[in-house]
Amino acid sequence: MKFAVIVFPGSNCDRDMYYALHDVLGMEADLVWYEHSNLENYDAILLPGGFSYGDYLRSGAIASASGVMQQIKAHAEAGKPVLGVCNGFQILLEAGLLPGAMLPNKTLSFMCHYEALAVANHETSFTTGFDKGEIIHLPIAHGDGNYFVDDATLSELKKSNRIVFTYTNNPNGSAADIAGIINSQGNVLGMMPHPERAVEKLLGSDDGIRLFQSMIENWRVAYAANL
Amino acid sequence: MKKVIIHIMPKQGVLDPQGKAIQTSLSALGFSEVEDIQTGKLVELFVEDAENIDERVGEMCDKLLANPVMEDYHFAVEEVAYT
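Order-wise, the sequence lines are chains Y and F. Numbering-wise (the numbering used here), the first sequence opens with residue 6 and increments by one. Numbering-wise (the numbering used here), the second sequence opens with residue 79 and increments by one.
Simulated from the structure, these hints should not be mistaken for lab results. Certain hints may be false.
[What the hints assert, rightly or not] Simulated pairs of lysine to aspartate or glutamate, EDC-like, Cα-Cα distance not exceeding 20 Å: (1) K81(F) / E111(F); (2) K89(F) / E126(F); (3) K81(F) / D94(F); (4) K80(F) / D114(F); (5) K163(Y) / D211(Y); (6) K81(F) / D48(Y); (7) K119(F) / D156(Y); (8) K141(F) / E128(Y); (9) K78(Y) / D140(F); (10) K111(Y) / E156(F); (11) K98(F) / E40(Y); (12) K80(F) / E149(F); (13) K98(F) / E149(F); (14) K119(F) / D28(Y); (15) K89(F) / D149(Y); (16) K78(Y) / E40(Y); (17) K111(Y) / D114(F); (18) K89(F) / E40(Y); (19) K111(Y) / D94(F).
[As the list claims (entries may be wrong)] Label-pair ranges, simulated between beta-carbon atoms: (20) L123(F) / G59(Y): 34 to 42 Å; (21) A83(Y) / I115(F): 26 to 34 Å; (22) I83(F) / E40(Y): 47 to 55 Å; (23) A106(F) / Q75(Y): 32 to 40 Å; (24) K80(F) / K111(Y): 37 to 45 Å; (25) D150(F) / A181(Y): 48 to 56 Å; (26) R20(Y) / H152(F): 18 to 26 Å; (27) L107(F) / N174(Y): 27 to 35 Å; (28) H142(Y) / K80(F): 39 to 47 Å; (29) E126(F) / A230(Y): 50 to 58 Å; (30) A121(Y) / E126(F): 20 to 28 Å; (31) H41(Y) / K80(F): 48 to 56 Å; (32) I115(F) / E45(Y): 26 to 34 Å; (33) Q90(F) / G72(Y): 44 to 52 Å.
By construction, the Cβ of each residue, glycine as well, lies at the ideal position given by its N, Cα and C atoms.
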């Protein structure tokens, strides 16, 4: 399975993402500069955290209007996996690949610490490695992580089981304690906490590794089924 | 040439933590009469004259300048005064 980690000017978790896939899991992975990129030969696209374009206008807004988004949209429409973490999630929201928007944290401060999350849906292709309702620990690092969505869309997200992770102790004011959501097709996941920063016990938690293992396992099952 | 002044504000009911923080500070300075504050953005564009300028600016706002999920916008088109 081949992963593309998209690098925008201002991305800063791109190497952590690459390290998780390439060094820890032994996958093929490339850091792909957003300009003049060709994503056709990748099985999964990873949008890393950071501050693309210095968060100008709104977090993720400028990156969401860049040319590479057309390729990412085509990749998503083809049913292939896309994972956006932190700024990557903000970019997916701004691009309209996921519903809702990010407001500043209710405390107005940047937050950087471990949070306990509940796995609200363990049946997505990103979360089959977790148990139902399992509590996991991942770091957060964001200033704009206060997930906002209108009531109708929120009830739709709940009804269709598209809330994938929730905070057990909501740190930022997110609607319905939402930490991560998935699209209706089930192949585009956005989340504020950082699984790629929790891939070895030495880092404080290795709960994040199972998210990537789930992606790989489910890709292999689908690949074998299509042979 | 026209000057377009765009106001982008949080939608009604959307939490504006910056506004809340400013209100708290004003109150600490003795301006307790301030009941609510809304902060937003002001963007000025200088645009080539065209008949469909309103339509084009609306598209710019919908596609990039504002986020319709959480923000409302309105704009005014002015003549640029030459000196």
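Contradicted hints - numbers only:
Structure breaks hints 1, 2, 3, 4, 5, 6, 7, 8, 10, 11, 12, 14, 18, 20, 21, 22, 23, 25, 26, 28, 30, 31, 32, 33.
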